[in-house]
Each structure stands twice: as C-alpha cells, then as structure tokens.
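2 protein chains.
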Amino acid sequence: MELVECDYHIESILPIERAATALAAEQSTGTWTDISTKPSGVDKRLAARVLNIEGSVATIGFPVEIFEIENIPQFLATVAGNLFGLGAIKNVRLLDIRPPKSFVKEFRGPRFGIEGVRKIVGTKKDGRPHVGTIIKPKVGLDPKETAEVAYQAGMGGVDLIKDDETLTDQSFCPMDERLERVMEKMDLVKQETGRTVLYALNVTAGTEKLLERADSAVENGANMLMIDVLTTGFSALQSLTKDDSVKLPIHVHRTMHGAMTRNRRHGISMMPIAVLARLCGGDQLHTGTARGKMDSDLEEVKGLNDFLKKDWFGLKSVFPVASGGLHPGVVPSEVEAFGKNLVLQAGGGIHGHPDGTEAGARAMRQAVDATMDGISLEDYVQDHKELARALEKWGKQVEWGDLYG
Amino acid sequence: MELVECDYHIESILPIERAATALAAEQSTGTWTDISTKPSGVDKRLAARVLNIEGSVATIGFPVEIFEIENIPQFLATVAGNLFGLGAIKNVRLLDIRPPKSFVKEFRGPRFGIEGVRKIVGTKKDGRPHVGTIIKPKVGLDPKETAEVAYQAGMGGVDLIKDDETLTDQSFCPMDERLERVMEKMDLVKQETGRTVLYALNVTAGTEKLLERADSAVENGANMLMIDVLTTGFSALQSLTKDDSVKLPIHVHRTMHGAMTRNRRHGISMMPIAVLARLCGGDQLHTGTARGKMDSDLEEVKGLNDFLKKDWFGLKSVFPVASGGLHPGVVPSEVEAFGKNLVLQAGGGIHGHPDGTEAGARAMRQAVDATMDGISLEDYVQDHKELARALEKWGKQVEWGDLYG
Numbered sequence: 001m002e003l004v005e006c007d008y009h010i011e012s013i014l015p016i017e018r019a020a021t022a023l024a025a026e027q028s029t030g031t032w033t034d035i036s037t038k039p040s041g042v043d044k045r046l047a048a049r050v051l052n053i054e055g056s057v058a059t060i061g062f063p064v065e066i067f068e069i070e071n072i073p074q075f076l077a078t079v080a081g082n083l084f085g086l087g088a089i090k091n092v093r094l095l096d097i098r099p100p101k102s103f104v105k106e107f108r109g110p111r112f113g114i115e116g117v118r119k120i121v122g123t124k125k126d127g128r129p130h131v132g133t134i135i136k137p138k139v140g141l142d143p144k145e146t147a148e149v150a151y152q153a154g155m156g157g158v159d160l161i162k163d164d165e166t167l168t169d170q171s172f173c174p175m176d177e178r179l180e181r182v183m184e185k186m187d188l189v190k191q192e193t194g195r196t197v198l199y200a201l202n203v204t205a206g207t208e209k210l211l212e213r214a215d216s217a218v219e220n221g222a223n224m225l226m227i228d229v230l231t232t233g234f235s236a237l238q239s240l241t242k243d244d245s246v247k248l249p250i251h252v253h254r255t256m257h258g259a260m261t262r263n264r265r266h267g268i269s270m271m272p273i274a275v276l277a278r279l280c281g282g283d284q285l286h287t288g289t290a291r292g293k294m295d296s297d298l299e300e301v302k303g304l305n306d307f308l309k310k311d312w313f314g315l316k317s318v319f320p321v322a323s324g325g326l327h328p329g330v331v332p333s334e335v336e337a338f339g340k341n342l343v344l345q346a347g348g349g350i351h352g353h354p355d356g357t358e359a360g361a362r363a364m365r366q367a368v369d370a371t372m373d374g375i376s377l378e379d380y381v382q383d384h385k386e387l388a389r390a391l392e393k394w395g396k397q398v399e400w401g402d403l404y405g
Numbered sequence: 001m002e003l004v005e006c007d008y009h010i011e012s013i014l015p016i017e018r019a020a021t022a023l024a025a026e027q028s029t030g031t032w033t034d035i036s037t038k039p040s041g042v043d044k045r046l047a048a049r050v051l052n053i054e055g056s057v058a059t060i061g062f063p064v065e066i067f068e069i070e071n072i073p074q075f076l077a078t079v080a081g082n083l084f085g086l087g088a089i090k091n092v093r094l095l096d097i098r099p100p101k102s103f104v105k106e107f108r109g110p111r112f113g114i115e116g117v118r119k120i121v122g123t124k125k126d127g128r129p130h131v132g133t134i135i136k137p138k139v140g141l142d143p144k145e146t147a148e149v150a151y152q153a154g155m156g157g158v159d160l161i162k163d164d165e166t167l168t169d170q171s172f173c174p175m176d177e178r179l180e181r182v183m184e185k186m187d188l189v190k191q192e193t194g195r196t197v198l199y200a201l202n203v204t205a206g207t208e209k210l211l212e213r214a215d216s217a218v219e220n221g222a223n224m225l226m227i228d229v230l231t232t233g234f235s236a237l238q239s240l241t242k243d244d245s246v247k248l249p250i251h252v253h254r255t256m257h258g259a260m261t262r263n264r265r266h267g268i269s270m271m272p273i274a275v276l277a278r279l280c281g282g283d284q285l286h287t288g289t290a291r292g293k294m295d296s297d298l299e300e301v302k303g304l305n306d307f308l309k310k311d312w313f314g315l316k317s318v319f320p321v322a323s324g325g326l327h328p329g330v331v332p333s334e335v336e337a338f339g340k341n342l343v344l345q346a347g348g349g350i351h352g353h354p355d356g357t358e359a360g361a362r363a364m365r366q367a368v369d370a371t372m373d374g375i376s377l378e379d380y381v382q383d384h385k386e387l388a389r390a391l392e393k394w395g396k397q398v399e400w401g402d403l404y405g
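Residue numbers (the working numbering), protein chains in the order written: chain A, 1 to 405; chain B, 1 to 405.
A hint or two may mislead.
Same chains, same names: a pair is fine if it fits in one copy or spans any two.
[As the list claims (entries may be wrong)] Result set (DSSO-like, lysine-lysine): computed pairs, CA atoms no more than 30 Å apart in a straight line:
1. Lys396 <-> Lys90
2. Lys101 <-> Lys124
3. Lys310 <-> Lys44
4. Lys190 <-> Lys101
5. Lys310 <-> Lys190
6. Lys90 <-> Lys302
7. Lys396 <-> Lys316
8. Lys105 <-> Lys393
Quick caveat, the hints were computed from the structure, so don't treat them as lab data.
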C-alpha cells in the first residue's frame, strides 16, 4: 500500500508513542471512544499508522486511498486538520510531507519553473540571480505613479517587478489601468535596453474573480501573475495553473504564513507549504532570506530552496525568492547561502536608495555582478557609484524587518 | 474616515508603542527604510494608525479605503499578513476585528441563520438545542453503510447529520451515491416520524469543483451543505452563499484552525474567523465546547457564540455548533454555558453508545429534553434507559479529546 509520509513534532502529556497513535487515529478511522459502526477491514485499508518515532518527531503514514485526488483542502483536513486541537497534545507541528510518486504525478506542477522563467528574461546562459523589486509604498500610488516607479526600476536593471501583497484592485489604483500603464513602460524598457522585465500583477481574490482577472490580464499583455496563496487557498493556485488560457508564470507570495509557521513547536512548517505550492504549480515562491537570527532559520531556508530546485518525479523546479529587508550590501551572503538560482527581491532596498529607484536598481545589479565575478563589494564600489551610495546608507547589516517575505 | 479596528496582542523587543506603530506601517504604507517614492498625502489617506494601547493589546485602525470590497484574501493580507513575521515582534496575535457598518453591509451574510434553520427542522416554537451527529468512522463506510448509520441516527432523533471533515468524494464513498442513499433514508425518517433531518454533505474542494458539487447536490435533493472553510478559503464560502442556485443552509467546519488559534500568544484567535464566517454567509459554525481546560476557554467560546447570535448591522445570526468529545452526560453543562440556541454535536458520543447509534441518538435527545424540562439527568434516567446506559459508559466527565471541533 502506498503511503503519504508526514513528520510531526509532538509534545504531549502522553508518551509520544501513544500521542502519535491517537493523532493517527483521529486523522483517519478513529475517534475518542470505541464505536459500534466500524466495519471490519476498514482500519487495515484506511487507518493512518505510526511508521517511526525519533525523539519528539513521529512519522505517520496515510494510505493514499484516504485522499481525494487533487483536492488540497481535503488533503489539509487530513494531514493538518483537527490534530492541532487535540486536548492531550500540547504542541504539534507538521514538519514535512512526502507524497509518493503516484500522488505527485496527479499534479501538473509549475508550467515554467526556473528554466522557463530564465528563458523569458534571457538569463539562461549566465545563470545569474534575478533581481526583483516590490513597488513601494505598498499602497497609495495611482496607476501612473506605479508605472513611473516600475519604469525607473526596469531601466535600472531589475528582472522582476511585483505588486505588494496587499495591493489588488482598490479604487486608488485600479488593476486594469495599472497593468496597462506598467506594461507600456515595460515595452519602453524593452525598446531602450533590449531587456524583458517581468511584472507580477497581483490578481489575488476569490477563485472565480481571480480567474476572470487572469484572463483579462492575459488579454491586456501581462507577462506574469502573482497570488497570495495562503489567504486565497492552494486550490486557487491550482485552478490558475491548470487554466490553459493563462500560460503565464506565477509568482507565489506566502503572506500570513507566520501565523502558522513562526512558533517552532506548533503549527505548520514552511516545507509542507512549499511542497503544496510546487504541486499546485507555483513558478516562484518566497522562502526567506539568509539573515535570520538563528542558524536553524538558515538551514530551514536552505532545505526549502533545495527542495524547490531538486528533481521531483518529473515536476518542474520552482524559483526561490528571497525577500524582506534586502539591499545591495547583503547580496553576497544571500548568494553564498543559496546559490545563483535565486530571486533577490528588494523593495525598500531599492526605492530607499539616496538617489532614487533607478540608482537603487543599478546598485542591486552591481552587487549581483560583483558577486558573479567573485569581486568583493568593497573593491567593486571603486567604479560603481550607485553601489557605493547604497553601502554608505545601509552597510552590510541586517535590518530589523528581517523575517518578512 | 471610517476605520476597520483590529486588536493585536503584541510581544516585542521594542516598547509596545513602537512595535504597534511599526506593525501599522508594515501593513499599510510603510517599509523598513525611508523611501523616495512616497507621494505626499498618502499616509494621511491610507496609513493604518494606532488607536489605543492597553497592556499588551494594541488597537490599530485601517482606513476602509485600503481594502478591496468583498476580497477576503486581500483583507487577510492586510490585517493578518506579513506582520506575523516581523523580526522585532516576537509574538503577535490578531484578537478581534471590528469592521464598520458600511463594510459589513457589502456582505450578504447567512441566508438562513438560526431562525431559518429552525424553520426547516421545525423547532422554532420550542427553541430547544439541536442535536447533531457526525457519521463515524470518519472515513471507511461505503454509501450504503453511511446511509444506514444516518437512518439509525435520524430515527433516534437527531436534527442534523454531517459528514466528517475529511470525507469528500473519495473512491471508497463516492459523493453522489452517498447523497442519494442518505437522502432516501432521510425521506424514510420523515415518513415514519414526520421529522425533517438535515444532512450536511461535505462539498469541500477548490471553488470551481465545490460550486459544481453544490449544484449537483441541489439537483439530487440535498438539504444542507458543509465546507471546511480554512482549508478551502473564505472566498469559497462566499461564492457558495452568493450562488442563487444554491439556496441551502451552510454548515461551516473550522478544521486546521488549531494551527493558528491554539497558541494564545501568537497567530489568529477564533473571533476574527467567526467574524469572517458570518460575513461570508455560514449558517452554522463550530466554536467549541464548554469543557475546555481553562476558564479563559469557556469565556472565549461564550464570546464567540454571543457574537454569532447578536444583532449585527442587519446580518442574520449564525447557529453555534459545539462538537468534539460530546456525549449525553455533558449536555446540561453545555446548555447552561451557552443557552438553547446551540447545536450539540456528538459523533463517538452517539455511535459509541453500548446499544448502537439509534440508542445513542435517543440518549442525546433525552439529555436535551431533561435539560429543557429542568430535570437532572440523575432523575431522568429512571424512565429513560438509553440515557441511563450512556451515563453508565461515559458518566459526566470530560474526555481527553475535548478540544476537537
């Protein structure tokens, strides 16, 4: 029988063996008391079972037959549902999920992946990290102002421009007009520099509206879409990436994840979220930066990025995105930690440059070029004044907003 | 300017005033560094502001203009987004959200509410608590077996039968056939007893599939639908309740909530979830039982149930559901805590009755009748053998699975 294996950190008033068994029962064929309605043979076919226990971590196997194919809400209800409220378990954290090949193969995964996105941008050959920016302020620019900021960022050399996670289709910046004006500017950047810059339009909404927005965006020349996967749901991502009228790469933001991921002893780790995002077809996913306060943060983000990039039953890779408090001074350490297949995203770290957005974008690209050429930023600033000015302002330090993303 | 007020519990390395200001900035017009792209006047119109601080709790006001009407994912990204990951804030918990009337009025809310559900079941006059059951085992019965268990529960006197939160449309129990067979039995119960029993079919899936399932369920005679609102998303609930071809009451399950709600110092409390569920149109919502381990649990559930039942800018009420480890012995304390406008839901507490499901359902109804008549269970068992047998097995104690739901 094929099993989906899930690892849980468990803290209980019961011995872990008993707590893990109770968890497996509650999430499959059991309840809190013996019942008269259980047919014989059910447990053998459908009961989840404890496969291994190591310290505080129990591995539980769920028979694939217990799942409805491609129904992520049902999947979450089973592996991440009521178990969090069990009275006898004080803390429980879903650490990892490992579905078997047959399960993974039911999903199409990313349409583009790292290769596909690099092909659009034209970085397949040099394989350098991409530089992205988030339009700032988060909210408050009108479409024309947004397009102007995007133009400066594009001319300065970014590969990707994205809406912030709270900007969708508010009256102060209507989505259709924003897309039209930004894409006009991106066309101008293409004419003037020959470079293609992606603009990830945040189409986040309920699934029906989201799909309408995606269709309309395709018609109006969008070259990338963005969704907030945790607030709108994995199924919305799945619907979007299965829609053959929307053949665009999808930038996946994880806003709200901290409500579940931040407590290291309870909730859901980022890895299961990354697994589901890859199954459902995200082409880019925020995973964090190298600058966490604990070693374990760095190891966790490395693990996430490695998972997104590795071969996985034929599904395409996902481009990891480092975001939150980034600026040119920290580029070398990010690339050292995660390698070149990385999107380095700076919002404040570009628009906060003393000489403005275009200079800020140049400084980020200069930091990437220096890193690719194996030259220290200290040496590189001699001939690169934008980088010099950025380092003067921000140095190479971590900012307090280091856990955003 | 109209504001959506949100209360946050905050623990920070910064003084709370500064932490709250940083949170308000991050979630509206600010970022971690000063930027060159902010137009004048933006902060005045769109910046969130700290309205009040009391102990560890900050109240932050978000201008309504910052939100896209009816876009719950965007709403969550704003009031419950990146803030959970801010490096300078160690723990932060969204405790409550209070939208103004103009905001609430954009939502239709529940179609039926407590009154509407009571009208279907025929309990408007006596106003007694409803008794519900969850088919057990959670998974593993085929459609015929499910219908047989439902028939026994219906004949025993329950008002509501629901699928478990992990049962959708798996191959061992196809949804269409399950619905057909259960509704045949419910018709039989109606013929034999004159009583209408609701069957909440769990249509949880991605929104598109969910809406298809709802339409098909209506055609096939369903009288209630159920969704797991946190795994599928509030927008799915919203789409379902706005669909005028699906005029059925909606039973809302909150599975996975413990990943966000359980840590009392971080994440999201149940109250914001209840507020969103009412806005989006749930007619019934799981809120917990009276038997938590701490007084604060009881007070919290009381607060939730009071919110669901109170007048709220013209939106209909929501029927609170107590579920998880319930059995006849605890009925009086539940009703004492929460009043009669309550669904008492017992799975194991009915199907685990020593004489089977029908006797278990009778015992629950007897406990409700005794409570309504002001008679103690100890006295009532003299003439009610099913109740007597239930008390022999379970007593009046709390079971360890007391925090399910």
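Here's how the hints hold up against the structure:
For the identical chains of this complex, lysine 396 and lysine 90 are inter-copy neighbours only, at 24 Å across copies versus 41 Å inside a copy, given an alpha-carbon limit of 30 Å. Taking the shortest alpha-carbon separations for lysine 101 and lysine 124, only the intra-copy value of 29 Å comes in at or below 30 Å, while the best inter-copy value is 53 Å. In the homo-oligomer, the alpha carbons of lysine 310 and lysine 44 never lie at most 30 Å apart, since the shortest distance is 34 Å inside one protomer and 47 Å across protomers. Taking CA atoms no more than 30 Å apart as the test, lysine 190 paired with lysine 101 passes in neither setting, with 42 Å inside one copy and 47 Å between copies.
In the homo-oligomer, the alpha carbons of lysine 310 and lysine 190 never lie at most 30 Å apart, since the shortest distance is 32 Å inside one protomer and 58 Å across protomers. For a Cα distance limit of 30 Å, the shortest separation of lysine 90 from lysine 302 qualifies both inside one copy, at 29 Å, and across copies, at 23 Å. For the homomeric pair lysine 396 and lysine 316, neither the shortest alpha-carbon distance inside one copy (34 Å) nor that between copies (56 Å) is at most 30 Å. With identical chains, the CA atoms of lysine 105 and lysine 393 are never at most 30 Å apart, being 49 Å at best within one copy and 47 Å at best between copies.
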